[in-house]
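Asks: Just so you know, the sequences run in chain order Y and S.
So in the working numbering the end of the first sequence lands on 795, straight run, no missing numbers.
So in the working numbering the end of the second sequence lands on 347, straight run, no missing numbers.
These aren't lab readings, by the way, just hints derived from the structure by calculation.
Each hint should be verified, as a subset may be incorrect.
Stated by the list, open to error - The calculated lysine-lysine pairs, modelled on DSBU-like cross-linking and capped at a C-alpha distance of 35 Å, are:
#	chain 1	residue 1	chain 2	residue 2
1	Y	Lys-474	S	Lys-244
2	S	Lys-279	Y	Lys-9
3	Y	Lys-416	S	Lys-196
4	S	Lys-196	S	Lys-244
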Amino acid sequence: MFASLNWLKELVDIPVDTPMLAQRLTDTGVEVEGLEVPVALFRGAVTARVVSIAIHPGRPDLFVLTVDAGKRKGVCVTAARNLEGGDVVPWGPPGCVLADGTEISCRDFQGVTSEGMVLSAEEIGLPGIADEYGILRMGEGFTPGEDARAALGLDDTVLELSITPDRGDLLSMVGLAREVSALFPEARYKGITPAIQPRASRLDGFEGITLTDSGCPFYALGALEGVNIKPSPMRARVRLLLSGMRPISNVVDATNLVMLLVGQPLHAFDDARLPGRDITVRLAREGEMILTLDGKTRVLDGEDLLITSGGKPVAVAGVMGGEESEISGDTTRVLLESAHFDSIKVSRASRKLGIPSEAAYRFSRFVDPCKAETALAVAMEMMASWGAGVPSGWIAAGEAAQKERKVALTSKVLGKIIGTGDLDMATAILERLGISTGDHDPSVRHYSIPSFRPDISIEEDLIEEVARIRGYDKVAAELPPVMHATGDITDRMRAERAVRSTAMARGYSEVVTYCFVSPQSIAALRFPGPDPRSSPVALSNPLSVDMSVLRTTLVPGLVQAVLKNISSGWRRAIRIFETGMVFFRRGREVEEVFKLGGCVCTGVDSRSPWGDQGTEDFHSVAADIEAIFASRGVAVDLVPGSEPFGHAGKTARVLADGRDVGYLSALKPEIESEMELPAPVFLFELDMGPLVHDGKATFGEVRKYPPVFRDISLVVKEGVYSSDVLALIRELGGPLLEEVRLFDIYKGKGIPEGHRSLAYTLAYRDPERTLRDDEVDQVQGRLRDQLAQRGIRLR
Amino acid sequence: MGDIHDDVSRIEALFRSVLSTADSVEALQGVRVRFLGKKGEVTSLLKQLGSLPDDERPEAGRVLNELRDSMERSLAEKTRQYAGAQVTAREREEWIDVTLPGRGRPWGAFHPVAQVTQEAIDIFVSMGFSVAYGPEVEDDFHNFEGLNIPPHHPARDMQDTFYLENGLLLRTHTSPVEVRSMRKWGAPLRIIVPGKVFRRDSDQTHTPMFHQLEGLLVDENISLAHLKGCLEAFVNRIFGRPLKARYRGSYFPFTEPSIEMDVECVACSGRDPGCRICKGTGWLEISGLGMTHPNVIRAGGIDPVRYNGFAWGMGLDRIAMLKYGLNDLRVFFEGDLAFLNSKGERR
Ligand SMILES: [Zn+2]
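All chains, please: the whole structure from these sequences, using the hints.
Replies: Structure below.
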């Protein structure tokens, strides 16, 4: 919200300078986001009366004006055609600086010297202030020779305020003035007192107001006759502009200025264009339509509150008026609405219809119902004083006044929260806010809550008022008292930390990618229909289609990060990992599963001084998975498996303690080329679940006797998995076989086509004694025989 | 032969002086020849022993032998030092380029937000807070109504919400975990909730997904002083030095009073009117906080008369930006290795 400081000063004496005011407002909860002097560069112009207008002797498209600024007169040349003798205009004599910083000097127009220039609204920096093209005609109320800045009310400071949603009362100058008066004990609140006293009467020929819904407890109409629609006085227009609103016409401007002043939104109907002689406030019928004054047809539902006349909708209550009864240039009779509408009703309609009007904004945040009549009186008085119309009557329906509310404040609770339970101190602060009490009890007092503070309903609300005005800096910081338990990061976070530190130690960079991805990025992974990953949950209001479904896998984010790195010139290997949730549809619910995802790309440039040893491949990534799980005491095995997006020959399921927790896979070559990945990519995605439940580590017994080693080489067909061979050796190796380790893979000379040789080293050990070579040879020989019996060729 | 002791002292002094200037194995060999060789100074004295009277001979022999042994020891010691510097043929053969980059992979890189999260958690854990988690997909009750934000409440405008096709929503803050945790554990309670939150907003300082750290303490007789004490301890630890703090009135539906905490600008300490980080104000918004609203305590199944507490929420991405001197939030979610690896030593 924008607030003119000069306007505020009309309503309250402010005993401090502007920076101090801003500081105090900010500290107590009204954040001052900016302090701005309007059109700060514009200076040096004076008000001047146009004395004569003549056509330039040599240039028939120009006029030569003589202007009179009191002590000083001058000649100006202008092309503007909107001036008449007697108009008061801003005159920028030589030396004047325009809003854009241009300095004015004398200028020759074919023999006529223009002493500066007469100024347009744009040149002053207030383009919205005049609706006619040409020089700004200032209208009545200005004497020649005044400084134009001061005369227009531009020697002001505009406060840009951020008002929290609970403080609807501060969306008005009166409310702000009251708040300012509470912040400084020396400040004096002046407020407003309209000369016209609201007095309900009859309106000739008007049938009356009917209220049918609790959403509108009070509705008043004021009538103005002899309405003369024209622009508002210049200073009123400036004030509207400084408050962030656009001047329109005297009647509309008056409703807006009063809304800014009092906080009560008003609406003006052209009486002649109302379809009936009544106003009825009722709920809309399902599908009922209204053409609102922004030119759009709105379809309503049964919860929208409507203002109707003659049975037809003329306004959406508290949101926006209808176009058909809008004020226009030929309006002669105005009915001015000042009513109270339920904040939820207005808020709902405003959101649903997408109309964030100033009125709806205020009603949504609560408007003081007691101000409805005052606002109407002030508006009618303002219009009358501008000659916009003659107040002719006033009727109202319903009840504006509210039940008196009292809230108790105890010394005990106040003391507990802010460290002092002094109720005299509290009362002094609260009374400045208009919250009063007649109680003097030192332990508990009951305070009357004024109608403009609906946000105060419990003791804590009063404590907040006392604490913020007293100042939060008055409370000394102190650590909370004794701990009842030690703090714990939980197993889940221990798992996350182990994963992070292991992955980073193994050269992975940690990434965080968005939980929402594009549907295409999921579809690209070719999940078949029954796979829960194929049907992600969609957002109903995504920012873009690229962020429109919840990820069912971490792969799209990881692959996108790889692509991003390659496109921005990263040529070396890419190793990234992410821990985070993926989301699955479970009936009407969404299931979140905690995953670890990793992606390794060999990189566009995988050259290394170490040759192959420096290149990433499936097996280097497999070692990373083993290490990550080992860091939490969980052993993993890789077994042959598949993924719809995985390379058929390079995909494994990962088993953690025998349970399938995910996959390690090279991306399918076809998808790789679809995604324009210039180098091979390996992906893994694993449940974090097994890591969260820490495999409690235990150690075996110390082995006293040395092992005896024997090697064995087997020739197997391509396609036979080493893990199967290893399992077979274990199975057949007998009780003394302690460990089997693959140490060589060989293809080529001496090995038949389509085969490979696998060499293992076997460790035999007896925990009770040292083994003799001959007994080990015997065991090893038996193993060789058994393997041979199963058709496995030994080398 | 004069007094044997004089000769010994003289020779010994000479030996020490010559030895100290010998700076190679060859030079040391020269020293040995000069003193202990066949015609060496000590050798010649030893040769003269036979000509000494019988009563002086044993004493002179002992002194000379001691001198010779001491010289041998000194020479051997110094020779070992220089001989150690000698390069053998084998070593020459086994030369490698020791400046090559280490084989294997370099250390990876942490994500600034994840790292800050970890540090923040450790600070609060030291103050007795335990980590709690909640779902990222929430329902209206936990995200809004249970936190004192009924439908159509204007406070809903403060947070633009992503809704899902099934009517659920992506949590707009970590606060829903407050109610969930109170219901689960009761009072007294100290929890911190790190996690992703989502708001429909995207520009240089807003991303539609970001990270919050929520905290809640519920106990008997909790005051604003405790809230300030906790948060100031945190700020001073995370930024590594004491920072001035200020507290401004604010509004959150789930706290009463509600406060905004600012800390002194970590970049300029309020001394640079042109500072880009604090926009010249000297202050940085760091956390929204307040005393937990009795309705929220009640929604958590705890008696609000006996127990009260405080809560706060802070943006971890913002703290990471401040701590690591970054100015664009969006890079956090692009996985850009050049960015993630660009930081030097941890500060
Ligand atoms: Zn700064």
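Asks: A separate judgement is required for each hint: does it hold in the structure or not?
Replies: Here is what the structure says about each hint:
{"no.": "1", "hint": "Y/Lys-474 x S/Lys-244", "result": "holds, 14 Å"}
{"no.": "2", "hint": "S/Lys-279 x Y/Lys-9", "result": "holds, 28 Å"}
{"no.": "3", "hint": "Y/Lys-416 x S/Lys-196", "result": "holds, 34 Å"}
{"no.": "4", "hint": "S/Lys-196 x S/Lys-244", "result": "holds, 28 Å"}
Against the hints set out earlier in the document, no violation occurs for any number.
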